[in-house]
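If you read the sequences in order, they're chains A and B. In terms of our numbering, the first sequence has 333 at position 338, counting the first letter as 1, and numbering is strictly consecutive. Just remember that our numbering sits 1447 ahead of the position in the second sequence, which is counted from 1.
Keep in mind that a hint or two might mislead.
As the list claims (entries may be wrong) - Here are the simulated SDA-like pairs of lysine to any residue, each with C-alpha atoms no more than 25 Å apart in a straight line: (1) K316(A) - E353(A); (2) K215(A) - N365(A); (3) K250(A) - F352(A); (4) K56(A) - D1467(B); (5) K61(A) - R1480(B); (6) K54(A) - D1469(B); (7) K119(A) - S1502(B); (8) K407(A) - L397(A); (9) K25(A) - E35(A); (10) K1499(B) - A63(A); (11) K1499(B) - V124(A); (12) K119(A) - D1459(B); (13) K56(A) - N18(A); (14) K250(A) - D385(A); (15) K1499(B) - D385(A); (16) K56(A) - W88(A); (17) K379(A) - G30(A); (18) K125(A) - L1458(B); (19) K406(A) - R240(A); (20) K379(A) - N365(A); (21) K215(A) - A199(A); (22) K54(A) - I1460(B); (23) K1499(B) - F352(A); (24) K60(A) - L1485(B); (25) K1499(B) - L117(A).
None of these hints come from the bench; they were simulated from the model. Computed from a predicted model, the values in this text were never measured in an experiment.
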Amino acid sequence: MSNIVNDIRIVITGIGLTAPNANNLPDFRKALLEGKSGIEMFETRYLPPVPAGVCTFDKFKHETKKAARRGTRAGSISIYCANEAVIDSGYDWQNKDHSRAGVFIGITEHGNVETENEVHSLAKYNNDVKFWTHHHNPRTVANNPAGEVTLNMKITGPHLCMGAACAAGNLGLIYGAQMLRLGEVDFALGGGVSESIHTFGIFASFKSQNALAHHEDPTKACRPFDKDRNGIVVSEGGCIYTMERLEDAKARGAKIYGEVAGYAYNSDATDFVLPNPERQAECMNLALKRAGMAPEDVDILNTHGTGTQQGDEHECEAARKVFPSAPRPYINNTKSYIGHCMGAAGALELAGNIPSFEDGLVHPTINLDNIDPECQLDGLVINKPKPVDDIKYIMNNSFGMLGINSVVILKKFED
Amino acid sequence: MTGEGIRQAILDIIEEIVPDEDLSSVDPEKPFRDQIDLDSMDFLDIVMELRKRYSVEVPEQDYPRLLSMSSTVDYLLPKMESL
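Bound conformation, chain A alone (with noise of 0.2 Å):
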């Protein structure tokens, strides 16, 4: 296959995010240096309060108050993203044509919360229909965020969301830079979204899986390749990345993150939710293969790692087949400080291991006590920052339901 396309360089020129513990990436990465969790007690309909991750975004810094009410949350918070990227990226926005820019967010899920809360709402009314809301198709339709950006922001170029499950975060960053490569699109908006937390249907299936976490102190319930670890702990979440073609990214003179060297996705083709450390392996190989790299070149891998038993075993045994020797890649995981943020963990955990290219500090995984011998990796970096030289290149794993894997590595930007 020909390589032409493929050899166009992308480069990430902006980020916009909203964790539930921060809500620019300064203090993303200042909360993860910290050791500070944004896991708290919430409420949730039908369930006694379950841990979760919610965030604290400004909601109407760049949304009406008119537009939040009739969108949903999962739009509000593309759009706090999406406007942030653009600031950050310091692209001329308002003098650009708005049809060469694109929005590709990936979604573990949407539509859920709405239909949730509309089901709930027409119970008041006797179920009764003709009390059922005109707004529910535009909030369901499964284009639903990325589409109130581009009402939000103008955007006349294309936009999709991908559902992925807990893949999907990467996902929005792949096809933002396959869509810049072909040409589709001049700027991309990529990432992901959750809205997750506003469904009780999530938590109570996690629960009825027995892979719903639970922890006297919220702060602690999210532990993954922890002995005592006892399930995943849901948040919400988004991470969006301005991307641009190198070329155009140095002509206007941007302030660059990081250079897409690789990604890959691909399917188990085996369960409906059990991993398969094979195909993750395969997953994280081939991106090596297309980054032209060798697996000793990764400096930080950013696992997946949810907290659940059988999913941190089975990606320390994928992580064990592509990296056999120590100590390189340094190993941690972001779901500890902020839960799983579904759709956009891919996104965000990426986002928040970015600065270690300025920093040469890796985060730590949090909440790792007593370490689960199956989950033995040479490489974690455990509880507190590690100080490494000369970091170039971060691998990103996500993987989803129905045997969704994807990996990014993005590698430091050099001329």
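Starting from the structure of chain A, add chain B where the hints point.
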């Protein structure tokens, strides 16, 4: 409910639908949509809220009667005066 009560009820509904708008200077004789950023979906919200709050039905053929504040009050008075 009096005409004034209906006017206030409509204002309360519109305020919830378009919370960014200043409704203090709405001219009762001019069409809402010439003065406030109300689109067709917002208009359906008014109809829905009348249904939910006051059990008042506005059939589709009567939508043009909800053009301005004064035409809306005139239209709703017989439906709401007994509330």
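Pair hint outcome, K25(A) versus E35(A) [Cα-Cα no greater than 25 Å]: 19 Å, holds
Take a quick look at whether K119(A) and S1502(B) sit within 25 Å of each other, Cα to Cα. 14 Å, holds
Take a quick look at whether K379(A) and G30(A) sit within 25 Å of each other, Cα to Cα. Holds, at about 8 Å.
Does K250(A) pair with F352(A) here, judged by a C-alpha cut-off of 25 Å? 13 Å, holds
Going straight from one Cα to the other, do K215(A) and N365(A) come out at no more than 25 Å? 13 Å, holds
If you draw a straight line from the CA of K56(A) to the CA of N18(A), is it 25 Å or shorter? 12 Å, holds
Sort out whether A199(A) lies within 25 Å of K215(A), counting only the CA atoms. 20 Å, holds
Keeping to a limit of 25 Å between CA atoms, is the pair of K316(A) and E353(A) held or broken? Given that 25 Å is the threshold and the Cα spacing comes to 29 Å, the pair is violated.
Is the straight-line distance between the alpha-carbon of K407(A) and that of L397(A) 25 Å or less? 33 Å, violated
Is K56(A) close enough to W88(A), meaning Cα to Cα at most 25 Å? 17 Å, holds
For a C-alpha distance cap of 25 Å, please report whether K1499(B) and V124(A) respect it. Holds, at about 12 Å.
Holds or violated: are the alpha carbons of K54(A) and I1460(B) at most 25 Å from each other? 22 Å, holds
Going down the numbered hints, you'll see the structure goes against 1, 8, 15, 23, while the others check out.
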